[in-house]
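Chains as they are written, first to last, in my numbering: chain A, 1 to 171; chain B, 172 to 500; chain C, 501 to 622.
Just so you know, the hints here were simulated from the structure itself, not pulled from any lab data.
Please read these numbers as outputs of a predicted model, since none were measured by experiment.
Check the hints yourself; a few may be wrong.
[As the list claims (entries may be wrong)] Result set (BS3-like, lysine-lysine): computed pairs, CA atoms no more than 30 Å apart in a straight line:
(1) Lys236/B / Lys178/B
(2) Lys466/B / Lys178/B
(3) Lys620/C / Lys71/A
(4) Lys220/B / Lys480/B
(5) Lys618/C / Lys220/B
(6) Lys480/B / Lys384/B
(7) Lys43/A / Lys620/C
(8) Lys528/C / Lys99/A
(9) Lys620/C / Lys480/B
(10) Lys558/C / Lys584/C
(11) Lys461/B / Lys178/B
(12) Lys618/C / Lys480/B
(13) Lys178/B / Lys293/B
(14) Lys348/B / Lys459/B
(15) Lys622/C / Lys43/A
(16) Lys530/C / Lys409/B
(17) Lys178/B / Lys348/B
(18) Lys133/A / Lys99/A
(19) Lys99/A / Lys434/B
(20) Lys71/A / Lys558/C
(21) Lys236/B / Lys459/B
(22) Lys133/A / Lys220/B
(23) Lys166/A / Lys558/C
(24) Lys434/B / Lys528/C
(25) Lys127/A / Lys220/B
(26) Lys480/B / Lys127/A
(27) Lys166/A / Lys584/C
(28) Lys384/B / Lys459/B
(29) Lys133/A / Lys584/C
(30) Lys99/A / Lys618/C
(31) Lys293/B / Lys220/B
(32) Lys220/B / Lys99/A
(33) Lys486/B / Lys622/C
(34) Lys220/B / Lys620/C
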Amino acid sequence: MSRELYKFCLFVQIISAEWGDFLNRQEYIEFAESRAKRTTSLKNCIWAFVVGGFICVIGQLLVYAYMNVVKEEKTAYSLTSVTLVFLSGLLTGIGRFDKLASRAGAGTLVPITGFANAVASPAIEAKSEGYIKGVAAQMFVIAGPVIVYGSASSVIYGIIYYISMKIAGQI
Amino acid sequence: MKNQLLKFNSSYLHQAASVVGSKERQGPLGEKFDSFSEDDRFGQDTWEKAETEMVKRTVEALIQKSEIEWDDIDAFAGGDLLDQCIATSHAMNNNGVPYLGLYGACSTAAEGLIIGSLLAEKGFTVGTVASSHFCSAERQYRFPLEYGSQRTPTAQNTVTGCGSFLLNSKKSDVRVKEAIIGRIQDNGISDANNMGAAMATAAIDTILRYFKKTGRTEKDFDIIATGDLGQEGLELGKEYAKSLGLILGSNYVDCGMLIYDLKTQEVGAGGSGCGCSASVFAAEIYPKIKNGEYKNALLIGTGALLSPKSIIQNKIIPSVAHLVCFERV
Amino acid sequence: MEFDILMLLKAFLVGGALCLIAQILIDKTKLTPAYILVGYVCSGVLLNAVGIYPKLIKWAGAGATVPLTGFGNTLAEGVKEAIKKDGAFGILYGGISATAAGITAAILFGLLWSLLFKSKNK
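Full structure from sequences and hints, please.
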């Protein structure tokens, strides 16, 4: 059916107030989506790159600082993560994190800061429902999937690794 | 009859009151609202209680402005966006007035006006109320407030605001002339961040049904105001209407775009929520009908009837639009 | 580990690039942040499995460990070590035990913040 004819049918159906399945949904969705302004991508990308990079630089500086205290590199990296979790939780608490994130987007989402915010924000928010059913129960409502699929994929990898090691005769 | 027009003979919109939050106060209509709270918590410890408090203040403002007592009101009808309309139910607690709870999402204000007019026709003195609160809606429908996320430009900002109306059969300046009850439409849009697009077709459908039924055209009205289509929905609606032969001109506005300054206030495509059309109609449009600036006005309350669960299930958004026609007597 | 200004630059570039990829995915596809995060953690595990990620960490330090792919890498690394130590039983505890510090910190601090703060006016 041509577009004009389709529109005419639409019109007739409406003025006659008979309601069939008049609307071509697919066409409407495509129309709505094609005209919907997408986020100004270049600006977002620059923000994400700069903020994300900057957070990692802070991380690296923390690693250097912790290397003075601990011996193992691995421990220094862990402590760095913990510190960043602390800092972004604090920013969340004083109501600053969401303002930064609304500009930085993936720049704050992808580093461990995004994970910390995803844990801290529902925890703070759910205070009104109490500490058991609210804070504790809601804490992983956003960050939960990361833990679930992270550990699940590590188990799958573990199985593959174990079998391949067995075959190679190294265990 | 599928396409029944409701005609009223003796329903009058007697008074309107509105209360808003801080962001709405900073908007272009800021001065016109009856009162506002700098603190969006309205002095309460939870966001839900804040919304209840806002509803209470609005209803009290309405009673004060109308110079009546609680006892003079025969019934109240109202609702909000929260699960089971809990904010309004709490606000109506213990005031002794018979109460009808309404849920029409963002179309609640228009739905209330229709129910109110029907009751006023029977001689009732009826109050209606519709409210929404950004913070309580955000935590119910989207993310915790402190969660860092980016909004797409088509997303709308829930209005922290409440509008309340008093209807009766006593002759006054603003008459409720006609109404059309909307029918549920789904146009395939399931993106909760593009509710304007979901509601646009419902709004146009209702307007066209009304014009068809009454024989009037868009030129017969000084203002045609949709509830909360936002910029995206307004433009989509205009284009959609054009494809159906209806040209909407400069008298066609959207409450969601009036309440904020879209350029400076970072609200995406505009305001949304029950409180949007309710507070804008109470503070901006109703006074202008009353002082004669608008002789004939249409309010089309648009509602995207989604729920937190339906968003997660990625269900198509059913939309509805109720139309109410006002006339300066 | 010696302080190295070049390392900071490398951390900036790698960390920034990982965020940039995610931003492009969010803007250009329908993937929501939740999917991106899950995707990043799983790819971290995968990249460790094929041996790329440890090299990236050596090269860019925190630029590779701070993004969530680093979390996935730690999970995979933990599993490998646990298997070497305890055999098949390590499959179960290796991942989480290696990342336990971060997760526990997030939980503990989450509790702390909920005691100290309220959500603000928006």
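Hints and how they fare:
{"no.": "1", "hint": "Lys236/B / Lys178/B", "result": "holds (28 Å)"}
{"no.": "2", "hint": "Lys466/B / Lys178/B", "result": "holds (18 Å)"}
{"no.": "3", "hint": "Lys620/C / Lys71/A", "result": "violated (41 Å)"}
{"no.": "4", "hint": "Lys220/B / Lys480/B", "result": "holds (23 Å)"}
{"no.": "5", "hint": "Lys618/C / Lys220/B", "result": "holds (14 Å)"}
{"no.": "6", "hint": "Lys480/B / Lys384/B", "result": "violated (37 Å)"}
{"no.": "7", "hint": "Lys43/A / Lys620/C", "result": "holds (27 Å)"}
{"no.": "8", "hint": "Lys528/C / Lys99/A", "result": "holds (22 Å)"}
{"no.": "9", "hint": "Lys620/C / Lys480/B", "result": "holds (26 Å)"}
{"no.": "10", "hint": "Lys558/C / Lys584/C", "result": "holds (22 Å)"}
{"no.": "11", "hint": "Lys461/B / Lys178/B", "result": "holds (20 Å)"}
{"no.": "12", "hint": "Lys618/C / Lys480/B", "result": "holds (26 Å)"}
{"no.": "13", "hint": "Lys178/B / Lys293/B", "result": "holds (13 Å)"}
{"no.": "14", "hint": "Lys348/B / Lys459/B", "result": "holds (17 Å)"}
{"no.": "15", "hint": "Lys622/C / Lys43/A", "result": "holds (24 Å)"}
{"no.": "16", "hint": "Lys530/C / Lys409/B", "result": "holds (27 Å)"}
{"no.": "17", "hint": "Lys178/B / Lys348/B", "result": "holds (6 Å)"}
{"no.": "18", "hint": "Lys133/A / Lys99/A", "result": "holds (28 Å)"}
{"no.": "19", "hint": "Lys99/A / Lys434/B", "result": "holds (18 Å)"}
{"no.": "20", "hint": "Lys71/A / Lys558/C", "result": "holds (17 Å)"}
{"no.": "21", "hint": "Lys236/B / Lys459/B", "result": "holds (17 Å)"}
{"no.": "22", "hint": "Lys133/A / Lys220/B", "result": "holds (18 Å)"}
{"no.": "23", "hint": "Lys166/A / Lys558/C", "result": "holds (28 Å)"}
{"no.": "24", "hint": "Lys434/B / Lys528/C", "result": "holds (24 Å)"}
{"no.": "25", "hint": "Lys127/A / Lys220/B", "result": "holds (14 Å)"}
{"no.": "26", "hint": "Lys480/B / Lys127/A", "result": "holds (22 Å)"}
{"no.": "27", "hint": "Lys166/A / Lys584/C", "result": "holds (11 Å)"}
{"no.": "28", "hint": "Lys384/B / Lys459/B", "result": "holds (26 Å)"}
{"no.": "29", "hint": "Lys133/A / Lys584/C", "result": "violated (40 Å)"}
{"no.": "30", "hint": "Lys99/A / Lys618/C", "result": "holds (16 Å)"}
{"no.": "31", "hint": "Lys293/B / Lys220/B", "result": "violated (34 Å)"}
{"no.": "32", "hint": "Lys220/B / Lys99/A", "result": "holds (25 Å)"}
{"no.": "33", "hint": "Lys486/B / Lys622/C", "result": "holds (28 Å)"}
{"no.": "34", "hint": "Lys220/B / Lys620/C", "result": "holds (15 Å)"}
Comparing the model with each earlier hint shows violations of hints 3, 6, 29 and 31; every other hint is respected.
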